[in-house]
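Number of protein chains: 2
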Amino acid sequence: MTTPVLPSWNEGPARTAILDFVQRVTTPGPDYLPVLDRIAAFDNDGTLWVEVPLPPQFDFVFQTWRAEITSDPSLADIQPYKALLDDDPAFLRGVAAQDPAVIQSILDAFARSWTGCTPSEFDAKVHAWLASARQPSLGRPYRDLVYQPMLELFDLLRANGFRVFVCSGGGRDFMRVFAEETWGIYKENVIGSAAEYTYVDGALIRGVGIQGPINLGPRKPETIFAQAGRMPAFAGGNSDGDIEMLTVAAFALLIDHDDADREFAYREERSLSAAEQCGWTVVSMKDDWNTVFALGEAVA
Amino acid sequence: MTTPVLPSWNEGPARTAILDFVQRVTTPGPDYLPVLDRIAAFDNDGTLWVEVPLPPQFDFVFQTWRAEITSDPSLADIQPYKALLDDDPAFLRGVAAQDPAVIQSILDAFARSWTGCTPSEFDAKVHAWLASARQPSLGRPYRDLVYQPMLELFDLLRANGFRVFVCSGGGRDFMRVFAEETWGIYKENVIGSAAEYTYVDGALIRGVGIQGPINLGPRKPETIFAQAGRMPAFAGGNSDGDIEMLTVAAFALLIDHDDADREFAYREERSLSAAEQCGWTVVSMKDDWNTVFALGEAVA
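Top to bottom, those sequences are chains V and P. Sequential numbering of the first sequence, starting at 1, is according to this note's numbering. Sequential numbering of the second sequence, starting at 301, is according to this note's numbering.
For reference, chain V alone in the conformation it holds in the complex:
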């Protein structure tokens, strides 16, 4: 093969560590990994595409809620619609902190929006949003803002017998709409927070609740085991919600958003400390990537 390997990655410790790991697990020796065990798992928001100012799914959800408030102005008086209209940072901090009352108000709103949908009805809504939505500060479609170096990492892993999974706190069915075209990953390799669907008269109908807790933190190894039957050998993430998934992997990659010029600069302190303590490979977007986005030039 003459295809270049990881061309958007600069020479440096992160690229070297990845290539070294892949070499070791595919070469007879003490670190050799049978093909069966070659599972890789990646977070999505902030790991595979931009998550600032908010993960893109929020934009989809907020657009849905704004339309609902227009149809039913009484919603403006209750959460989470009120927080959306007031641009209320305290409510968003409650989301980040996983405040149970805040999370419940959001789950109730999800139920209001999508209970009774079939999978294809939900998919159509996500498709419509994908076609029109733009990331607010970069002005581009969200799918342009997938990280090119991560797609090249998928290629490298697949070329070495890995099955690549995405394991995100975001919506499983939301991600599955674009997973195949964007990541080259089958729907069945996408794990996320998931609505309950019930089989009724030959069709699947979305119910009120979600299956278990939001897919973050300790829930990630649990859902990877449920879906894949084994722990990932390689894991990639960028935030505190990824710590457990990175902990169980033989090789852990943590993306550090330190590139204010080409993307955004912000620090996930708890995961960066864990990386230092556990010897994970930290990726500096600024230093390790010569290209950031998959479908566009630098946009800043």
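Worth flagging that the hints you see were computed from the coordinates, not collected in a lab. Values in this document were obtained by computation on a predicted structure and should not be read as measured data. Glycine included, C-beta positions come from ideal geometry on N, C-alpha and C. Watch out, some of these pointers could steer you wrong.
[Stated by the list, open to error] Not close to chain V: a few residues of chain P, all C-beta gaps over 12 Å, as computed: (1) Thr-303; (2) Asp-320; (3) Ala-383; (4) Arg-476; (5) Ile-514.
[Stated by the list, open to error] Label-pair ranges, simulated between beta-carbon atoms: (6) P:Arg-366 with V:Ala-101: 47 to 57 Å; (7) V:Gly-279 with P:Leu-385: 33 to 43 Å; (8) P:Asp-337 with V:Arg-112: 28 to 38 Å; (9) V:Ala-203 with P:Phe-358: 31 to 41 Å; (10) P:Lys-382 with V:Gly-184: 46 to 56 Å; (11) V:Arg-112 with P:Tyr-332: 37 to 47 Å.
[To be verified] Chain V residues, not near chain P, derived (Cβ > 12 Å throughout): (12) Pro-4; (13) Glu-68; (14) Asp-77; (15) Ala-133; (16) Arg-143; (17) Leu-272.
Starting from the structure of chain V, add chain P where the hints point.
Relative to chain V, chain P alone:
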């Protein structure tokens, strides 16, 4: 390729219908199916291996319970242990009818046996059982009693771009122990009734409950959607618990156990009626298969 196609299948309507379907969905035309949508899903007990007198997992469970009764004779007075010792057919009818009290007593017993296990501890128990257990009337290891024609069907489907899933009422983690070696199916393509595992201090620990209802009937399309993100194009089953999964598939195959000489003869009336009504392809084990078992000769 000069490998023969479906060599254990006799010329006849079932073999012809399978080959015709595969031909149509892989050839440009009105029935062409994109590779992404080529999902096949199969029941296990009675579809991929013997289920008479009971699905093999019962043997594993009963062996576990007998050992527990020996350690703690007081269990002999409560269900389901009492039914096991008494060889009580009424209790088994309660299992078949999914009587909630009967099912709960069994789930309680599962919790008694395996709560607190790690996945590798559970796997070791299944491995030990697989190595020693014999099907009582045929006298062979259970893995010898996998149906050779179905393995050939998997080969045909995979050669035509299908991803093959198993979707059984049986235990997901039980099947995953032998799925890769026996069926050539990755653990991630095995769907079944599943224990809850919780992430604690870097390890997964089996909890008390199971995830949702037993994986039968309407639950099968629900779990296939949850795992794979789409409905199967091809489905295979043999019993009333498979009707919904067969209903949602473009091509449905129903195994009819009509071969008292080489295997067993029993009828699943409700699913056979559904097959007639819906035009599913019914496989007569007696007429359509020239070989039954994967690893042995006819054993009757």
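We went through each hint and held it up to the structure:
Every beta carbon of chain V lies more than 12 Å from that of P:Thr-303, the smallest distance being close to 22 Å; the non-interface claim holds. P:Asp-320, annotated as away from the interface, keeps every beta carbon of chain V farther than 12 Å; the closest lies near 24 Å. Every CB of chain V is more than 12 Å from the CB of P:Ala-383 (nearest about 30 Å), matching its label as outside the interface. With a minimum CB-CB distance of about 5 Å to chain V, P:Arg-476 fails to clear the 12 Å threshold, and the non-interface call is violated.
Non-interface status of P:Ile-514 relative to chain V is upheld: no Cβ of that chain comes within 12 Å, the nearest being about 14 Å off. Here the CB-CB span from P:Arg-366 to V:Ala-101 is close to 49 Å, well matched to the stated 47 to 57 Å. Checking the proposed 33 to 43 Å range against V:Gly-279 and P:Leu-385 shows it is violated: the Cβ atoms sit about 54 Å from each other. Range check, P:Asp-337 to V:Arg-112: about 31 Å between beta-carbon atoms, so the 28 to 38 Å window is met.
The hinted range of 31 to 41 Å is satisfied by V:Ala-203 and P:Phe-358, whose Cβ atoms lie roughly 33 Å apart. Evaluation of the 46 to 56 Å hint for P:Lys-382 and V:Gly-184 yields a pass: the beta carbon distance comes to about 54 Å. Distance hint for V:Arg-112 and P:Tyr-332: a CB-CB separation of about 39 Å, consistent with the stated range 37 to 47 Å. In this structure V:Pro-4 is separated from chain P by more than 12 Å, as the shortest Cβ-Cβ distance comes to about 27 Å.
No Cβ of chain P approaches the Cβ of V:Glu-68 within 12 Å, the least distance being about 26 Å, so the stated non-interface status holds. Against chain P, the non-interface label of V:Asp-77 holds: every CB pair exceeds 12 Å, the least being about 35 Å. For V:Ala-133, the requirement that its beta carbon stay farther than 12 Å from each beta carbon of chain P is met, with the minimum near 22 Å. Every beta carbon of chain P lies more than 12 Å from that of V:Arg-143, the smallest distance being close to 17 Å; the non-interface claim holds.
A cut-off of 12 Å between C-beta atoms confirms that V:Leu-272 is not in contact with chain P; the least separation is 20 Å.
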